[in-house]
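K.L.:
If you read the sequences in order, they're chains A and B. Under the numbering used here, think of the first position of the first sequence as 1, with each following residue one higher. Under the numbering used here, think of the first position of the second sequence as 669, with each following residue one higher.
Read the hints as simulated data drawn from the structure, not as lab findings. One thing to keep in mind: the hints can contain errors.
Stated by the list, open to error - Straight-line C-alpha distance at most 35 angstroms; calculated DSBU-like pairs for lysine-lysine:
(1) Lys-413(A) to Lys-757(B)
(2) Lys-87(A) to Lys-135(A)
(3) Lys-322(A) to Lys-757(B)
Unchecked claim - Far from chain A, by Cβ distances over 10 angstroms, these chain B residues were calculated:
(4) Met-669
(5) Asn-670
(6) Phe-688
(7) Ser-691
(8) Leu-694
(9) Lys-715
(10) Val-733
(11) Pro-737
(12) Gln-738
The beta-carbon is built from N, C-alpha and C at its ideal position, and this holds for glycine as well.
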Amino acid sequence: MTTWYEYIQRNAPVPEWPYPIRYGEETEIISDILIIGGGIAGCHAAISATRRGANVVVAERGMTKRSGSGGAGVDHWHAACTNPCSKVTPMEYTQGIIDCARGYTCGPARYIETTESWDTLLDLEKMGVQIRDVKDEFKGADFRDEKTRLMFAYDYKNRHIIRVWGYNIKVCLHNEMKRLGVKTYDRVMVTSLLTEGGKQGTRVIGATGVNTRTGEFYVFRAKATILSTGGGSRLWAFGPEYFGAGTMIDLNCCSNGNAIAWKAGAEFVMMEQTAAGRASFGYVPYGVANANNTWYGTPIVDANGKEVPWIDVFGREIKTKKARFMPTKGQKFMLGAGVGVSTYVDEFRLNDLVPDLPERIQKGEFVLPLYADLTRLTELERRVIFGMMVGNEGKTRIPVYEMYTRAGFNPDKDMLQAPVMLLEGYKSSNFWSGITDPTLRVLDGGGLLVDWDLRTSLEGLYAAGGSSLGNSPIFGVGCHNSAHITGRYTGRKAAAYVRTASEVLADRRQIEAEKARVYAPLTQHKNGIGWKEANYAIAKVMQDYCSKHKNENTLKLGMRLLKELNETELSSAYASNPHELGRLLECFSLVRTGELVMQASLARKASSAMMDFYRLDYPEVDSPEWRKFLPIRLENDKVKVRELPLDYHLRPPYAPTYEENYKLHCGQ
Amino acid sequence: MNEKVFMVPNPPTPNKAVEFDPSICLGCNLCIDVCPTDVMMPNPEKKRPPIVLYPEECWYCGGCVEECPQPGAIRMLHPTSQRISVNWKRKDTGELFRLGMKNPPPPDDRPPSG
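Pulled out of the complex, with its shape left as it was, chain A reads as follows (with noise of 0.2 angstroms):
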C-alpha cells in the first residue's frame, strides 16, 4: 500500500494533513544575508560568506540537500581555463561565448566564470566531489591528463572541459554548509522581497516567507540579499502530468525569484528572448539514443547498422571516432554544449551529425528506428559515456543507469534505441528533446541586470545562478557552473557590503499587506479552481498571446487577461493545505512574471532573428539600431524603459577591460 488511491480504498478515511498547520503565526529571521533559493547558487553562497565572517541564513523551497536543478546531479564542467592542461585563456573563452550570443549575455558574468571555474572546481573537490580518476579506471585514454588524472569531455585538445563525477554535489555542498553553521530553513516560499520603507526601488532588507508545510509566516531581516532562485518552468508549457519525466527542471523552479524582484523595482534585461519549447511528451532525460551533451561522439546507426557520419563545422566529414573530440582545421577550440546560449558561431561549435539527417531518413539514406550503438567505440568510451557520464549527470544515477541495468541493459552488447518521431526531430542530436513547438516557449538568457559585483539595480540585492531551462535570477549566464560560480562570488560581494551596511527596520504594513495577500486563498469557497486549472490557464494566454509572433494588440490584450485572471478565478481560487497554498501563490508569480515578458516584448519594437522575437508589427529584421539591451522596471508601479549598449560593462564607469574590472571587483 503505497498509493493515497489505495489508501482510501481500504475504507480508511481520508488523512489528515501530517504536519501541524501554523497558519498566521509569525517569525523574525534576523542575519547579515539572507539567500533565497538553496539551490547550487545558494548553498555556494551560503558557504562563501560563512567563510568571510558573515551571518548567513538560506531559505528555500525544497530541501537543500538535494533540491534544486543542479542537486540531481552533473557530469562535465565548463570554462576550467586556468586548470594546468588548459589551452584556452579567460579572455578567449569569454570573448567565444560573447561571439556566438552576438552580445546579448552578461559579459561580467562570463568572465567571472571563466576566470574562477578552476578555482571553484578545487573548492568542490575540498568538499569531496570525485573530479580525479583517482581509481585509475582510465588510465591511458586518451581524454586523459596521467599527471593529475583530470578527465576532459568533448575537446580533448584543448582540454578546459573537465568531467566530474557530480552526482552526489548538492550532498557534498550541503554537508559544508552544515560543518559551517549555516542557517537553513526549508520548505519556505519566499513570497516578497521588504523594501525600505515598503517602497518600489529602494534598499532590499530582506523577504517574507511562507512554510509549505505548515503555512507558518516568516519575515526575514537582512542587511544583503542574495537571489538564487531556480529557472522559470509553467509559464508556457504546464502540464507535469506527463512532463514531469522529461524535464530537467522541477515544478518548484517557477519563476518566483523574477516576480519577487521585479514587484520590488529591480530592473531586467532579456525577458523578451525566448525559445522553441519541447512539444513531445518527453523522453527520459539522457535516457534514449542520443549523441549530444552527455552522450557526446556516441555512434548512431540506423534500424540496418548504417552508421549517420558525423561532420566538422565547415561541413567536412569527419573520417575517424577520435577526430569528433578534436578541433578541425581552422577551430581554435570548441564551447561544449550547455554553456548557456542558443546558437554558435561555426568557429566554436562542436562536431555533430549530419544536420540534414531528417532529408537523409526522407529519401531512404536511413532506415528508422535509430541506434545509439557504444560497442563501435572502444571499452575505455563506453565506459566513460555509460558509467561515468551517465551515472553522474542530473538525473542519470537512479533514473537510467541504475534503473537501465537492472532492467538488463548491457552497453557492451546492447544498442539503445532513438524515439520514433518527426523526422524534424533528428535535426538535432539531442533526440531525447524530441520535438519543439514555437508556441510552447521557454524563456531564454533573460534576468535581472547586473554590474561587476553582480549586484541588481537595487542596493542590497545580489543575483546569482545557473541558466536552467534558459532563465536564472542573473542574465546571460551558462549552466551548472555558473551556479557555482556566480553563488561564491556574490558571498563574497555581500559579506563584503554587510560589514558597513547599516540595518534597516521592515515597514509593518509591507508585512501586514503581504500576509493578507499569502492567506487568502485559505479563506475562499472550498468550489474555487485548484492550482492545476489556473496555472493551465496562465499557460494558455502566455501560449497564445506571448508567442512566437506577437504585435502590440496580442500583447495587451494578453497582459489584459492576465489582470483578468488574477482578479477573477485565480483571486478566487482555494488552497486547501499548505502545499496547494504554496501552488497557488507561485501562480500568481507565474502572472507576475508573464507581465514582465510581455512588458519587455513590447519594449522591444523590432524583430530579431537573434532573440528568436518577432514583432509582426515591426518586421525588420537585426535593425543595427536595435542591437541594445532595454532595461525594465517598475516605479511606482509603472513600466520604465531604458537603453543600454551591450558592452555596458566595460564603458563608463567602469573600465574598459575585462580584467581591469574583474580585478577591481573580485574581491580577492
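Please build the complex by placing chain B on the supplied structure of chain A, with the hints as guidance.
P.N.:
Just chain B now, kept in the frame of chain A:
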C-alpha cells in the same frame, strides 16, 4: 471483486512515481525529507511506507532512492508513457527489450564509475 466500492476521483496520472516494498521499508521517512516537491507524505501508521500523495509533481531525480538506507525499499518508476519509449536491441541476437517488460533479461550488476 467483493470489496466495498467507493466514490473516488480518477487515479492520479502517473499513479506511482515511486513504489515501496513494505517488507523492506522501515518507515524512516528520510525519502520524504529530501524530496524537493513533497511527492510523499508520512503514513499515519508509524513505521509504514510513506504515502505517495502528489505523484504528478515528481521530476524523477532519484534523490529519494539515493537517500534510502534500506536497499530495495524504494524504487523509482518512470510513467508508463516514458517506460514504453525506452527500448533496446541486443546487437548479436536482434532480441528486443524494453524498460518494464514482462520477462526482463538478467540485470547487469556493474556499478557506475567512481
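K.L.:
Which hint numbers doesn't this structure obey?
P.N.:
Of the numbered hints given earlier, those the structure breaks are 6, 10, listed in rising order.
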